[in-house]
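Chains G, A, Y and C, in that order, give the protein sequences. Okay, so the first sequence: first residue is 9 according to this note's numbering, each after it adds one. Okay, so the second sequence: first residue is 12 according to this note's numbering, each after it adds one. Okay, so the third sequence: first residue is 215 according to this note's numbering, each after it adds one. Okay, so the fourth sequence: first residue is 6 according to this note's numbering, each after it adds one.
What the hints contain is simulated information worked out from the structure, not anything from laboratory work. Predicted model only: the values in this text are computed from it and were never measured. Don't take each hint at face value.
[Unchecked claim] Cut-off 30 Å, straight-line C-alpha distance, at most; resulting in silico cross-link-like pairs (DSSO-like, lysine-lysine):
1. G/Lys65 with A/Lys18
2. A/Lys18 with Y/Lys291
3. Y/Lys336 with Y/Lys291
4. A/Lys26 with G/Lys64
5. Y/Lys282 with Y/Lys314
6. G/Lys150 with G/Lys64
7. Y/Lys282 with G/Lys149
8. C/Lys186 with G/Lys65
9. G/Lys150 with C/Lys186
10. Y/Lys326 with Y/Lys282
11. G/Lys132 with G/Lys150
12. A/Lys337 with G/Lys65
[To be verified] Far from chain Y, some chain G residues (derived; all Cβ distances over 12 Å):
13. Gln36
14. Glu66
15. Leu90
16. Lys91
17. Arg94
18. Arg106
19. Lys132
20. Val152
21. Gly158
22. Gln162
23. Gln191
24. Glu204
25. Tyr215
26. Asp224
27. Glu242
28. Asn246
Cβ coordinates follow ideal geometry from the N, Cα and C atoms, glycine included.
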Amino acid sequence: MLEATGLMVFYENMLALNNVMIRCEANQVVGVFGANSAGKSTLMYTLSGIMEDIRKKEHMAGGERITVLGRITYLGEDITGLKPSRRAKKGIILCPERRRIFSESNVMENLLIGGYLATSSQAKETLDYVFGLFPALKGLKKRVGGFLSGGEQQMLAIGRALMAQPRLLLLDEPLLGLSPLMQAMLVGATKEIRDEKGLSIIVTEQYARPVLPIVDYAFILENGAAVLEGTGEEMMNNPDVRSAYFGV
Amino acid sequence: MAEDRRKERLDRGIKVRTDGIYALMSKRELAYLTLPRLVLIVGMLILPLVLPSMYWQRVISIVCLYALLALSFDFLAHFVGLVSLGGAFFIGVGGYLAAILNTTFGLPPLLTIPVATVLGATICTLLLFPCLPLRGVYFAIVTLMYPLVMGRIIEALDILGGTDGIMGVESFANPWVEQYFVISMVLVFLFGVRRLVNLDIGLVLRAVMDNDQAVRASGMSITRYKAVAVWVASCMGCLAGACLVHIYMWAGISLFALDFSILPIAATVIGGGGTLVGPVLGCFILVPISELLRAFGTLRIAFYAIILVAFIVLRSEGLMVYGRRKYHQFERWVQV
Amino acid sequence: MSRQPILEVQDVTKAFGGILALNRVSFEVHEGEILGIIGPNGSGKTTLINCITGFIKMTSGRVFFRGKDITGKAAHKIADMGVTRTFQIMRPYYSLPAYKNLVIPLFSPRAKRTGGWRGGGKLGDRNTVGIDILEEIGFERDSFVPYKIASTLPTGYLKRLELARCLALRPEIIMCDEVFSGLSMSEIASMVPLIERLQMDGITVIMIEHRLRELFQVTNRVMVLNFGEKLMEGTPEEVMTDGKVQEAYFGSQKVEEVMTYA
Amino acid sequence: MDEEIGCPDPPSWIYQEDFDRTLMDILIYGLINSVALALMALGFALVYGISRVPNFAHGALYVVCGFITWSLLCTLRLNYLVSILMAMAITGVIGALIYQFVLIRVRGMAISEIIASYAVGLAILEALRWGGFKGMTYTLPVFVEGSISIMDIPVDLHRVVAVGIGGAVVAFLWLFTHHTKMGLALRGMAQDERAALMLGIDSDIMALVAMTFGSVLAGLAAVVLLPLGNIVVEAGYNVLILAISVCIVGGLGSWMGAVLAAFIIGFAQILTVVYWGAHFQMVVALLAIILTLILRPSGLFGRQKELEERV
């Protein structure tokens, strides 16, 4: 479904992604694991095209020069260098790190803004689906986003991303800073989304353990390079990986 | 193929060396380090000598006053994080003070200027004190309002000469004194502020700018540091105002005009914010252009604005940012 | 205990736009103690720290530090008394080298009085003192790490830098807001002894944590918050076996499982 | 740039003749003045609220629309309504062009945005002045002749219409930003541009739309308010200052706050005129702004401080 080859991202002379190859098949959950500053967010930004926007802004302000090399193909089409909004239209939706919900709008409005790309019947349908998936949001419809707790915000962020009718959902550290209960709930929801909506999902995490059960294929990033890849089981059985990323 | 190569920016070897202590090792490296400064200092000092007419010499003085304002703006905006649109306020307070001191108390310019600078800066800081907790654009707009209010108050209450202003202010002893005084003031403040921001106290100011929470968590009052910074900045503004009054021999409401707020900022934008030299350079471009355009009569300001827009759009990072990068770094294509 | 607590929090309440983020939370900390605060997201842990340290105004309640009422004082005044905090979202001065990060807190009046961590009441050269503090906290002195620009440092060092900023004030209390989060296993392992060092130095520590296993290594008293209310307080064992905590925090999962990947 | 461009004059749409000094007078003219201020400010508030571009060319667009209407009406002898609509459309296009060719290059750099848009406005206004639009000879006819009396106070019908249009615009804006896809997307973009990008909202196009829309609103304000006075270049500067003041007091980015602020400043001005004299009108307005900000640092309805605090 999505294939990126030879991805290299430079922030000025600093190499943030080094020759990364990543692939996601249809209806798969792909995990990308790595420590902080291993390049997970950079990868997500590059795949979703946000990097193009960052690069443009940096260039205008005379900041560091960002170079993106490599090819990204999506559904057999070359999308390298495409604007983020165009990629979103094709179905690549990023649910960003630290959630970035619209903190001054209420829950309902957040979801409706997310439904910008959807037709009104799609929006209605997805809205019902999101409230079914996260019943907790139902009672909070009128609450302003900034007053939600971390877990509620994350649910809202995922719901908002779903409203945009993704075919490939990118989840950047969805479990960051959440309580165990909330983590388990979100992991369950992620699996449900994949199974019921038939989406492909790429999820990044620092600790692999909570998401590992639902991951079909995993990559491990270290210092910007993909050092290891394999199915979830293969990963689990690799002793180095176990100690470093799974906390076992 | 552009696909597999990228442009790389690297520090010039000489820059890397001169960053260390070895700068004095060779003449070339010494020159690399000091030449830009020497060019600036010498250039500014000989400017009055090479310019042909009294008219252009007067322009130089005005440029320098704007440069002081621009420096004060750049210092506040890029080293303390207070975007102040109140350049005119500083000018006005300094100017009126100098005028009053001169006409009412009969002090000579030699005394009025320093007194107006220090006293004016203190007054400005006190008046701006309640606004210091404001952030970003709100501070900007409030400071924009201050000079307008002052102008209106003077007009409405008909104090300080009302709309006529204060006339008969003593001028500088002669044009040479005037010019060399303002030029040296620009140089003193340029290098002084540069020194200040590189000292550890400058670090604290910069910390106030990008991380005020952490500064508060360290047990320091942000408002106090901001007040100090505003005082330094208004010193420059009030100095410019005091000089201006002595140059024009008149103080009036137009000291509070929007020009004094806007032009220095425009100069900072085209010169490159955060470089300190940039704003000065910007003034040396903008003010003379405005003079050269006088031939166009009323259309002058329109042309002027278009040139300004062109600068901003074509070199949005600012001339000095660009220039400094070119001076310190080189670029090359590398294969990856 | 009959001693006066170093920090006493009484009925702190904070309402955000009609929502109660904190509802009458009270607790005490004694000198030299390490208190853990746990709770699900949105239970008001960070808000509690913000209220105590004066970063936000509480709606009602009082806070006493060594018997002195510090309710409603400005944040910098509270920090000046020695009640310091780290930030969950780290706030180093990214554009500065690590040791210069410490020069800034060393400008504070308190650092001038106390001379910084270990300082003998007189502040030496700020750069040197900064590097000394960094060394104490695990930055290798002879390496280039203390001289690196903060934005290029790995998270583990940034968390230490957060702590170091507090230490520069020679604090009496440090409130750590999730110092373990975002760190790798090995980084956390090296952080634990550091917290113990602080205790040995007589510094009172209040820790907000999600990583229970490591938290329980260093503390023997834990307070649980849920929806802005204090659920319970007790030893780790008591907390882990409490039914209410189970329900609010861990759901149906087994405690052991939670401990491993919290 | 040393020409006197600074201090705004008392707005010309206020009758400064005899004030009957009655409560009704204050109420009615306060209302009219407030609506006028709101109309002037809404365009600015909208553009800033959506694209975070402080459009300092706002005042220029206001005057431009007035002149275009005048030209279409008096030079080309078009129907009044047609000229108004065409003028507003042209103003919108000018706004779009300014965004597309100038502001887009400096997006995200606040100071550059201010200077660039201010310079564009300056260029437009001064070009108009050079083009011969000066003096007192340019006036637009009122929409409806005649006057009615409300509680014994004569109010001419145009002012009544103006209040009606003001109300309609506010109602329309509320519906637009709360119940249309485009309006919601614009609000999303205002809060977090990059998050909006991730959802497929093209920020450049949205900002372009906002700028066009804001320019049309500036034009609307012009055609509604200019018939009450003469079309002069200076109005551009005054409108800009007033629009900024209103937006700041209301809290930047919140156009509902801007409407409320318009009422506060509007009534403050009228009260000052009645009891102190027109001289103090601007002083009071400006002092009101400074005081509001010192007491409520992000404006009356600005981004709530609590939201910022709660990290």
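Check your understanding: Among the hints numbered above, which are violated by the structure, and what are their numbers in rising order?
Key -> Hints 2, 5, 6, 7, 18, 20, 21, 22, 23 and 25 contradicted; others consistent.
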